[in-house]
Amino acid sequence: MDQDREEQEFERQEDERLRRAFERYDSLHNRKGSTSLHMDSGSIAEENRFEEDEYEYIIDKYVDLYNIDMANKASEEGFKKHPYSSALLVRYTDALVILKDFSKALQVLDNYKDSFPPNADIYLSYSRVYIGKKDLVEARRYFDMAIAVESFPEDVCDSVHTLAQDCMEIEEYQEALYYLDRTAELTATWNAKHNEKEKDENLTSFWFDYAFCCEKLGQEDKSIELYQKCLDIDPFNDIIWHNLGIIYEKKNRYKDSYDAFGYAIALNPQNIHALFNMGQLCIECKMPEEALKHFNDFNRIEKNNPDGICGQALSYFFLGDLNQAEILYRKALIFDPNHKVALTGLAEVQAEKKLQEKIKPRHKDTRNKNQADYPDLEDLEGV
0 MDQDREEQEF ERQEDERLRR AFERYDSLHN RKGSTSLHMD SGSIAEENRF EEDEYEYIID
60 KYVDLYNIDM ANKASEEGFK KHPYSSALLV RYTDALVILK DFSKALQVLD NYKDSFPPNA
120 DIYLSYSRVY IGKKDLVEAR RYFDMAIAVE SFPEDVCDSV HTLAQDCMEI EEYQEALYYL
180 DRTAELTATW NAKHNEKEKD ENLTSFWFDY AFCCEKLGQE DKSIELYQKC LDIDPFNDII
240 WHNLGIIYEK KNRYKDSYDA FGYAIALNPQ NIHALFNMGQ LCIECKMPEE ALKHFNDFNR
300 IEKNNPDGIC GQALSYFFLG DLNQAEILYR KALIFDPNHK VALTGLAEVQ AEKKLQEKIK
360 PRHKDTRNKN QADYPDLEDL EGV
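If you're matching positions, the sequence shown starts at 0 in numbering that gives the first Met the number 0 and goes up one per residue.
The hints are simulated quantities; they were obtained by calculation from the structure and are not laboratory data.
Don't take each hint at face value.
Stated by the list, open to error - For lysine to any residue, the following SDA-like pairs were computed, each having C-alpha atoms within a straight-line distance of at most 25 Å:
1. LYS285 - ALA346
2. LYS215 - LYS254
3. LYS79 - GLU51
Build out the structure end to end from the sequences listed, making use of the hints.
Laid out in structure tokens, this is it:
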């Protein structure tokens with residue numbers, strides 16, 4: 000029992016030391032320069048000194064805080080001060096990958112790879128770099144080397160998931176599925192060995208990425224199934240609901256799409272993607288008044304966005320207000336003179352105006368004659 004207490008106290012002290020190091024580093028790099036005038040050179044040198052594990056903590060903490068600029072700064076600084084730390088080499092390489100400076104990342108790895116024994120993390124860093132360079136064969140070769148040298152390869156499951164996300168970023172979705180499958184295998188081995196259950200947030204992230212890749216590869220039914228798995232864990236995730244809405248619309252399941260976008264907006268009224276796509280869906284389903292509401296909400300958030308302005312213009316066009324539609328299309332062209340939708344929309348409005356002048360109808364029809372071609376949401380309950 001005393002030994003347990005001693006270990007707990009040691010861990011507490013170490014956590015406190017690392018926390019203080021982060022606070023000191025953050026203060027050092029965010030304070031005004033005049034503060035250092037009151038410190039002697041010895042104090043300044045001591046304040047600037049950080050141990051290897053302190054840099055690791057500092058970098059990871061900034062990543063957790065989504066402060067990528069400071070994470071990159073700390074990783075470069077830490078590696079320069081501790082150039083024979085494999086952990087800091089990997090973090091520095093990760094920073095260069097995020098900055099898409101793949102040539103420099105490869106140069107750094109090549110310069111220091113022989114300073115360490117065969118190391119899975121370094122090989123996986125090579126994989127990240129080669130994925131960024133779109134050399135998937137070389138990336139796979141280093142991945143195989145990483146698995147081969149790792150005594151407990153399941154320890155790197157999080158890093159393998161990162162490789163999948165790197166593939167997604169360059170739109171290599173089939174390759175991303177390969178690394179996601181490997182992630183699932185390694186994670187299952189880890190959990191069985193340690194008699195653990197995977198955390199909900201990790202499962203959600205995994206299934207979300209898998210669903211996204213399946214959607215991009217045209218496997219829409221599989222994607223819906225996986226997004227539903229995500230919602231079983233995290234039913235209040237507006238991004239998942241939005242993505243489901245996109246797939247339902249592709250499959251002409253308009254009522255399901257409408258509901259999914261509606262949930263996304265209810266959960267997060269600032270979700271501009273859900274607002275915009277709901278507006279487009281309402282146009283498609285002969286609901287221009289509701290479409291205009293969503294495009295208005297979109298434009299209140301995304302000011303001067305030509306896509307959103309065109310959405311407003313199209314709504315007015317279907318409401319029969321050709322003058323307002325023309326004004327808005329012209330407004331969109333102010334922000335993007337070559338905007339194709341605005342140019343096409345403006346031409347259609349002007350053509351419709353000329354047509355109305357020729358035929359001079361006895362009463363104003365507020366619905367565009369082509370609007371009947373669109374599906375009616377109320378008729379699609381069973382789709």
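Hint check:
This hinted pair checks out: LYS285 and ALA346 have alpha carbons roughly 21 Å apart, not beyond 25 Å. The straight-line distance between the Cα atoms of LYS215 and LYS254 is roughly 22 Å, inside the 25 Å bound, and the hint therefore holds. A C-alpha spacing of about 11 Å is found between LYS79 and GLU51, which places the hinted pair at or below 25 Å, so the restraint holds.
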